[in-house]
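**Q** These are the residues of each chain, in order.
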Amino acid sequence: MQKLDSFSWMIGGAQGSGVDSSATTFARACAAAGLHIYGKREYHSNIKGDHSYFQMRVSERPVQSHIDEVHLLATFDKETVEVHKGSVVPGGAILYDPVLYKTPGELGRDDCLLIPVPYSEIIQATAREFKREKDLMKLQIMKNVVSVAASLGLLGLEFKWLKETIEGYFTGRRAALAPMNVWAAEQSYKLTQKPDWQSKYPYRLKPVPVPSGERRLMINGTTAAALGKIVGGCRFQTYYPITPASDESEYLESHPEFGVTVVQSEDEIAAITMAIGAAVTGVRSSTSTSGPGFSLMAEGMGWAGMNEVPIVIFNYQRAGPATGLPTRHEQGDLRFVLTASHGEFPRLVLCPADLEEYFYDAIDAFNYAERYQTPVIVLCDKALANATQTIPWYDVKSTHIDRGLLLTDPELAVQIASEGEYKRFKLTESGISPRSVPGQKNGIFWLTGDEHDEAGHICEDPDNRNRMMIKRMHKLEVAAREIPIEKRVSFFGDRDADVTLVSWGSCKGAILDGVRILKQQGISANFLQIHMVLPFPTEYVAQILTKARRRINIEMNYSGQMAQVIREHTGITMDASILKWNGRAISENEVVEGVQRVLKSQESKVMLSHGA
Amino acid sequence: MALKAADFKTDVHNDWCPGCGDFGILNAIQQALAEMNLPPEEVLLFSGVGCFAKTPHFVRTYGCHTLHGRAVPFAVGAKLANPKLNVICFGGDGDGYGIGAGHFLNNGRRNVNMLYMVFDNGVYGLTKGQASPTLRRGVQTKSLPLPNINDAVNPLAVALSAGYTFIARGYAYDGKGLRELIRKGVEHRGLALLDVLQPCPTYNTINTKNWYEGLEMDEATGIKKQVNPRVYKLESTDYDPVVHNPDDVEEISRKMSQAFQKAQEWGEKIPTGVFYQINLPTFEDRLKERIPALEEQAAAKIPIHDPKTGSPTVDISGALEALRVV
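Protein chains in written order, with our numbering: chain E, 39 to 650; chain Z, 487 to 812.
Calculated directly from the structure, the hints in this document are not laboratory data.
Warning: the hint list may mix true and false statements.
What the hints assert, rightly or not - Cross-link-like lysine-lysine pairs, in silico, DSS-like; alpha carbons within 27 Å at most:
no., chain 1, residue 1, chain 2, residue 2
1, E, LYS116, E, LYS176
2, Z, LYS794, E, LYS479
3, E, LYS557, E, LYS585
4, Z, LYS628, Z, LYS570
5, Z, LYS495, E, LYS479
6, E, LYS479, Z, LYS695
7, Z, LYS570, E, LYS461
Chain E with its partners taken away, still in its complex shape (with noise of 0.2 Å):
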């Protein structure tokens, strides 16, 4: 038996034939198991019929990325075997569908275990037993369960763990279906448990015990944020439909219970300046896109910044320009996040970097956006977006709210009883004006795209444009003061280390992860992790730069964008960059391979290719 630091299974089909549930079933059986889980996520933009898949990583210690490595290849049609089955290791094994092939010699991996599965038969068999024969078109989604649990049985995972999900899975209206579905179930893993196979597959999975009261969740990256919106005081969502952003939206919509307005509105203009409309009432307000949804937003995020209003704006890259690769991922809209919108006004952008950022940081948004007045971006990615991971639960206790200077009644009426007319944007030390809602009595305020004075009423006298200029931006310099540095950058690993790794986004699970195999191979690694991009904790990432041994970025875009912002800042260039813009997410490998690249030919950029 081969012990494996982890094990990468694949499903693969034809879109909307149940790719997405047989995964989530294989991992949430493992993750029982007491298993940790990566899973990622791929698929065309379409909506049925072309290909898509989903690898799940299984370790017995936490894992945050995939490894290019398939250990055990799931099919159901012939594309997904002809796609992948050059990423299956020998001695590796392929399920496959035998009506599809008339020998397994058709398959062309002779150095794999090759397994028929019975999808059909199995199927009619169970169709027969439960008195559905009629439905049997409908039953052919059980594939899917058929193809799990004779993926669970070749690997020795005990019946009763898929059973559970199983059951956990078919509930309410829907627990009917169970029996059924277990059953077949049951007939394909006892089908996998043939010796011959038994003996010939290496690999098996065993359950890990759980530390007592150790609490873990399985989360995707939309929910995390949706999730950290709700306990973050979000109250207000829009957002117009766009991959993929949308999910996040749709989890709001389909929890009403936890009281957020989610409006899907007629494009992102509208998405951006209804939920800044919301917010100037006083609700915690939140948009949700991608990079052309984005695009769209810009105008309206430079009317929020010019009239001080909290507005939080989630953007979940993927591969551009224009449409792009509407389902893969990039980080290409750094840059442009920074800057999008004409003329100057402050604004925070973060970028968190895995599923318990994505969490804790929609609450610092919102934070942010109060006590600054102003727009934060959090950019995050579609890696992470559709990435299935199993974390430790969150820690809502920890977590706080803080409404900067949003005015109370009484408050409101102690500073009109000893400064007058209240006025919108008086100007401060800080820059930062208490703000009142309408509704409130004597805190009547005017807003306007124009530069205005004070009380908010146009104004286009050199002077004030001046002061109000400089109310504005300081903000950004009050944000960099207040905002402790363990929220801005992340550093992993001995500050004397042969190579230092700097990145942002995504890449962070990967890059963690080869680190510990660098190390193996005897290469020290640190990793510097920018997390928060404006204001940018420069004098920290100059530290450790300058320091550092060899700086190498990583980034999932063409120019290096993060390379660039920090030279901007410190005036430190990379000695090589790791780069990728193929649209697949970066594996463990690749970050190992990069490095060793940089190191070992003194190649100053290398381009990453991996992925189907």
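Use these hints to put chain Z onto chain E, whose structure you have.
**A** Just chain Z now, with coordinates in the frame of chain E:
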């Protein structure tokens, strides 16, 4: 205490051209607000961009002068977040029917309880008089190098098909009539469109005050006389715009057809007044049906934390349990 129009005035310098139709509309707004006795702090005005868009600065209520064409979604966001506020949105004919046309149309599907008032003068005044979407084809106003090449949009007909539940047209210099229409539009429970015809004395040299009111100079006396006024009031005819039974599909169809036909009338005679009105559930009603918390209070008023400790008030443990694996 009864409020007066003066209570709704600010001392902000007004830089509209002399004779601008905006003045008449501004007066009507301030008077209507006073007549309805709305507390100024409970009124929230929105405007887009254009000469008219400065209106909120001249009115002593909460005011938001937003972006070109975007006043409607700004206003919708505010109204949905706090339905207790009286939200009135001002657009222009270029602002609302041109660059903001998508919002004009789509908002009809929502029936948000607010008044959308469009200052309609046929030209883009602030950018020096280009043709707007409501200028007729073939008309050559002062700054057009050639006669207008585009046909005009009919905002009332568009609003009708988009789902507006109150559709009216006013005229800037009919102060009393306009006041009345503003009041009706605010009091209507649902989305109201009030298109207001207004002369632009600087750039629209065709659709002038004289043109609308049929004023002609008497050569002998030098006094203006009303000869053939174009604008007239629907309420002085037997036109009934109201759908009395919103469940009666036949009545709706009849009243919509009638309104559509009436909206085509232009030229020698131009109707003003209410074209169509129906009472239907608002977007706010629909939200309340699905979000229990909104029954109790507006989204903007839902407590989100304990102000002393900063702890969030929401309990997500149920949602986390659903995602629990061990």
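**Q** Compare the structure with each hint and give your call.
**A** Status of the hints after comparison with the structure:
About 21 Å separates the Cα atoms of LYS116 (chain E) and LYS176 (chain E), which keeps this hinted pair within 27 Å; it holds. Restraint check for LYS794 (chain Z) and LYS479 (chain E): the C-alpha separation of about 24 Å stays at or below 27 Å, so the hint holds. A distance of roughly 20 Å separates the Cα atoms of LYS557 (chain E) and LYS585 (chain E); the hinted pair therefore holds under the 27 Å criterion. Restraint check for LYS628 (chain Z) and LYS570 (chain Z): the C-alpha separation of about 44 Å exceeds 27 Å, so the hint is violated.
A C-alpha spacing of about 17 Å is found between LYS495 (chain Z) and LYS479 (chain E), which places the hinted pair at or below 27 Å, so the restraint holds. For the suggested pair LYS479 (chain E) and LYS695 (chain Z), the alpha carbons sit about 40 Å apart, so the restraint of at most 27 Å is broken. Distance restraint check for LYS570 (chain Z) and LYS461 (chain E): the Cα-Cα separation of roughly 23 Å lies within the 27 Å cut-off, and the hinted pair is therefore satisfied.
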